[in-house]
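Keeping their order, the protein sequence lines are chains Z and W.
Position in the first sequence counted from 1, then plus 11, gives you our numbering.
Position in the second sequence counted from 1, then plus 167, gives you our numbering.
Watch out, some of these pointers could steer you wrong.
According to the in silico footprint, chain Z covers these stretches of chain W (three or more CB under 8 Å from chain Z) [as the list claims (entries may be wrong)]: (1) 554-563; (2) 848-856; (3) 929-938.
Keep in mind the hints are simulated off the structure, nothing from the lab.
Glycine included, every Cβ here is placed at the ideal spot set by N, Cα and C.
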Amino acid sequence: MDALVELENVTKRYEGAAAPAVAGVSLAVAPGEAVALMGPSGSGKSTLLNLIAGMDRPTAGTVLVGGERVDALSETAAARFRRGQVGMIFQFFNLLDDMTVLDNVLLPARLAGVPAARARDLAGDLLSTLRIAHRRDAYPARLSGGERQRVAIARALVNRPALLLADEPTGAVDTATGEAIGELLRDLNDSGQTLILVTHNPDLAARYSRRVIAIADGRIASDTVLPSGETTPPSPPAPSGARR
Amino acid sequence: MSGAFAAAHGGIRGRRLQAVIIAVVVLAATATSVVALGLLANANGPFDRAFARQNGADVTAVVDPSVATLSQTTATIRLPGVTAAAGPYPAVSVTAQVTVPGVPGSSSDSLRLVGRSSPGGPVDDLTLDQGSWPANDGQLVMARGTGVFPGSTVTVGTQKLTVVGIAESVTNTADGWVLPSEVAALAGRSNPAQAQMLYRFASAGSTPQIAGDIARLRAALPRGALVNSPVSYLGVRQSEESNIAPWVPFIIAFGLIALVISVLIVVNVVSGAVTAGTARIGVLKSIGFTPAQLVASYVLLVAMPALGGCAAGAVAGNLLAIPLLNANAHVYQVGALSVPDWVDVAVPLAALALTVAGAVPSALRAGRMSAIQAIASGRAPRSSHGYLAHRLLARVNSLPRAVTLGLAAPFARPARTMMTVAAVLFGAVAVTFGAGLALSLDRVVLDNPDTALPVSVSLSQAGQGQPSMAAAQQRSVVSVLAAQDSTLHYLTQADGQVGLAGLSDSASVTAYGGGNPAWTGYVLISGRWYSGSPGAAEVDVNTLFLTDTGTSVGSAYALGSGRHRFTVRIVGEVFAPGKNLDIYTSPATLAAIDPGTTEPQQYDVAIRPGISPPSYANAVSSALGGAYQVSASGGSKALDAVLTLVAMLTILIAVVAGLGVLNTIALQIRERAHDIGVFKAVGMTPRQTLAMIVCSVAFVGLIAGIVAIPAGVYLHHGVVPIMAHAANSGYPLSLVSVYAPWQLALLGLAGLVIAVAGALGPAGWAARTRTAFALRAE
Numbered sequence: 012m013d014a015l016v017e018l019e020n021v022t023k024r025y026e027g028a029a030a031p032a033v034a035g036v037s038l039a040v041a042p043g044e045a046v047a048l049m050g051p052s053g054s055g056k057s058t059l060l061n062l063i064a065g066m067d068r069p070t071a072g073t074v075l076v077g078g079e080r081v082d083a084l085s086e087t088a089a090a091r092f093r094r095g096q097v098g099m100i101f102q103f104f105n106l107l108d109d110m111t112v113l114d115n116v117l118l119p120a121r122l123a124g125v126p127a128a129r130a131r132d133l134a135g136d137l138l139s140t141l142r143i144a145h146r147r148d149a150y151p152a153r154l155s156g157g158e159r160q161r162v163a164i165a166r167a168l169v170n171r172p173a174l175l176l177a178d179e180p181t182g183a184v185d186t187a188t189g190e191a192i193g194e195l196l197r198d199l200n201d202s203g204q205t206l207i208l209v210t211h212n213p214d215l216a217a218r219y220s221r222r223v224i225a226i227a228d229g230r231i232a233s234d235t236v237l238p239s240g241e242t243t244p245p246s247p248p249a250p251s252g253a254r255r
Numbered sequence: 168m169s170g171a172f173a174a175a176h177g178g179i180r181g182r183r184l185q186a187v188i189i190a191v192v193v194l195a196a197t198a199t200s201v202v203a204l205g206l207l208a209n210a211n212g213p214f215d216r217a218f219a220r221q222n223g224a225d226v227t228a229v230v231d232p233s234v235a236t237l238s239q240t241t242a243t244i245r246l247p248g249v250t251a252a253a254g255p256y257p258a259v260s261v262t263a264q265v266t267v268p269g270v271p272g273s274s275s276d277s278l279r280l281v282g283r284s285s286p287g288g289p290v291d292d293l294t295l296d297q298g299s300w301p302a303n304d305g306q307l308v309m310a311r312g313t314g315v316f317p318g319s320t321v322t323v324g325t326q327k328l329t330v331v332g333i334a335e336s337v338t339n340t341a342d343g344w345v346l347p348s349e350v351a352a353l354a355g356r357s358n359p360a361q362a363q364m365l366y367r368f369a370s371a372g373s374t375p376q377i378a379g380d381i382a383r384l385r386a387a388l389p390r391g392a393l394v395n396s397p398v399s400y401l402g403v404r405q406s407e408e409s410n411i412a413p414w415v416p417f418i419i420a421f422g423l424i425a426l427v428i429s430v431l432i433v434v435n436v437v438s439g440a441v442t443a444g445t446a447r448i449g450v451l452k453s454i455g456f457t458p459a460q461l462v463a464s465y466v467l468l469v470a471m472p473a474l475g476g477c478a479a480g481a482v483a484g485n486l487l488a489i490p491l492l493n494a495n496a497h498v499y500q501v502g503a504l505s506v507p508d509w510v511d512v513a514v515p516l517a518a519l520a521l522t523v524a525g526a527v528p529s530a531l532r533a534g535r536m537s538a539i540q541a542i543a544s545g546r547a548p549r550s551s552h553g554y555l556a557h558r559l560l561a562r563v564n565s566l567p568r569a570v571t572l573g574l575a576a577p578f579a580r581p582a583r584t585m586m587t588v589a590a591v592l593f594g595a596v597a598v599t600f601g602a603g604l605a606l607s608l609d610r611v612v613l614d615n616p617d618t619a620l621p622v623s624v625s626l627s628q629a630g631q632g633q634p635s636m637a638a639a640q641q642r643s644v645v646s647v648l649a650a651q652d653s654t655l656h657y658l659t660q661a662d663g664q665v666g667l668a669g670l671s672d673s674a675s676v677t678a679y680g681g682g683n684p685a686w687t688g689y690v691l692i693s694g695r696w697y698s699g700s701p702g703a704a705e706v707d708v709n710t711l712f713l714t715d716t717g718t719s720v721g722s723a724y725a726l727g728s729g730r731h732r733f734t735v736r737i738v739g740e741v742f743a744p745g746k747n748l749d750i751y752t753s754p755a756t757l758a759a760i761d762p763g764t765t766e767p768q769q770y771d772v773a774i775r776p777g778i779s780p781p782s783y784a785n786a787v788s789s790a791l792g793g794a795y796q797v798s799a800s801g802g803s804k805a806l807d808a809v810l811t812l813v814a815m816l817t818i819l820i821a822v823v824a825g826l827g828v829l830n831t832i833a834l835q836i837r838e839r840a841h842d843i844g845v846f847k848a849v850g851m852t853p854r855q856t857l858a859m860i861v862c863s864v865a866f867v868g869l870i871a872g873i874v875a876i877p878a879g880v881y882l883h884h885g886v887v888p889i890m891a892h893a894a895n896s897g898y899p900l901s902l903v904s905v906y907a908p909w910q911l912a913l914l915g916l917a918g919l920v921i922a923v924a925g926a927l928g929p930a931g932w933a934a935r936t937r938t939a940f941a942l943r944a945e
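Turn these sequences into a full structure, and let the hints steer you where they fit.
Printed below as a string of structure tokens:
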């Protein structure tokens, strides 16, 4: 099967930084896969996610998503790509405080020009599926952490993206809520949704993904496909400083 | 305090954009205020300012060198009370033929020419407007306002002088200047060379003091040495200030608008900066800063970039003021104007004080908060302002979502929005007012015989007044005019003077015949035009005539003094501002008023649209021959200068208002940088980002622009009558009813244009910013 996501020798170096955040990374993710990018803080996993989402541009290398050269897209084309191909979930939800739950979820659809009635139907269905429909008129500040992340997931899915990217989706919620969010993501993946999950939590990586890619100092330290039912992930690599 | 300074310094390094915005806004506000106050200060006594700047002559005296020796003349410099003197300069009065390139024919003028080797000097320091000072004989610098320009020629007898420059003497000490060696060549038996002396006295503030100074001067010279009576600057000042008066009201209006906008922008940016820094104050508090150190650090955080802005603004304001004050000096017809020193000191200090005053209350408030409270209020979601607007606009499906997001944005910060509305409003008021003023001044130009009847034909008998035409000459002129296809219509004109009982001033009487007096272009303020029927004895007069004679339209008034009196009926008030008492009537009535004036002296001709007056004048001149002088009017240079000044002031204020919008948008983008990152992350394109940000001020600008129309029109309707009154005139309705509906509709967009222009820069930057960078912003 052709890869949905394909990175070829991707490097990202921030201006003024001594070392690249991502250094010569190559990887491929097939449609329907659930992949965890795992590593300590500053290892480059979030940068990798941003590059896949077209939110940042690599210094070198190519990023293909659904056969499209994301690294070569203009800002406008990248925005259109994100609308259609990618849903993003963030650690701190990134909901817009001055909009209701429904308006937050509708936003990507409305920006994409989906007719209002159709967008409302899609959003309503998602809110129901994610068991948050009763809070549709609430503002994010009134929601619990788990509710906020469900709203964020609904927003990420409203345009039915081929790829769901989640950056530490359980990092800002309590353990029980984290478990529920993890289950939700696994259910989505079970229904065919391709998922790339960034986490520094090996347990989360093992439980809710089928493949764990360990990142250290911007490079792939290991790429492990977990046998079905395995819950013990490979040990996370230590950053180079720690190794010394 | 060093801790506070270090914290402020660190804060600036960490918030370079904010520091730059504060510096730029304070710079712009300071520069605008320097210009505005410079204009306002010069509106108060511009003659005195120019007089002081140019060391104007308190007294200009002409000495006959055949009566007083050179040593006797120069000895007057050391008279008690004389503080400075210049001269003796050789001087001569000549009758000259003046030829201006591009203008057919030549005019005959009486000129007082003075020989000076340079324009400078301890008294009457001339301002050289154009060109250069004469380097050789045969070159001449003419005084400003004579209608000539470099390249013109002035012929005196067989001497041909080329105009090489234009200069201004604040007390009009000469019509032109040549090198001293030239004067002897221009003088003759009938016009001998004289010596001009210019004096400044210790006491010269009043007519009696000047009279005393002149008396001492006269006593120090041989009897009869002073030619005519020495000229006092007080007479020149009185005349100049009545010329200046009409223009002062609009310059004050523009100056005040500029000041208000500057204050609004500074307060807006400072309050925004304090709000943005509340969380940082909490952090500083948590590491041990006292409330006093916090307040000091925060005030310094704002004051340090503001200080740089103030200094740069004062310099920029002075640079910006140069062209504006030059235009202003042309309008006032004074030599040169400058920004007063006190403005250069007071404005930067006031701008700094205003900035600090804007920061202190918020800093005190934040200083009183607990550390946790400050951090929380700085990082917590914004208060719920604007939520309802977002909710309602999200339901508007007929507009793109990016637009409705932008339209909801102003409701999040109502106070800032109101400040922005006010800045745009004042900018748009200035545009509406400036446009109206330009239209009114255009009306003044159009409603004038120089425009309505641009070509005049008279007899060429220069230097002897304008003689009347004999019947045969009139027939020649009429046949030539009738033969021209481009002739639209024409009027005969005859001028006379008439004394007025009980008044020292006489009135000038102009009789237009051979057609409709409305063809003159003059507009009636009230009443109707006079009847041309013999025996009607009807006249129209200007406002000053009515004011000085205590009459009104409908009054009967006996013209003339002494035995010869002729009673006329005033049937209309003509819009003819100025210092003269003007009467307009038919040739028959003029003949009755002044029996010596029965025949026309001039034909005033209107030509068909699209025909150039100089080319028409050339054609008529060729047909009539050298016995006739045919002139084409060249427009009003004074009004051109006023229109230039109006345009410059309008543009300046609109730009400053746009800068206010830019500041608001920059603050908004800084505060919402993370939200913008989220928008981009969920698929907002750069174009949509641009639309969202521009729409966040476009509606505000549109509303401000619409409100500005009645405000600008009201200001115009208030200022124009004051200007007319200052020019000794009432005003016709057409002078204030100048706005066509389509023009008002267009002016209504001024606020929108200012807002969008101000927003485009920062909005474009936000639109181009990469999503990951925006998302990292806090």
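(request) Could you check the structure against the hints above and give me the numbers of any it violates, in ascending order? (result) none
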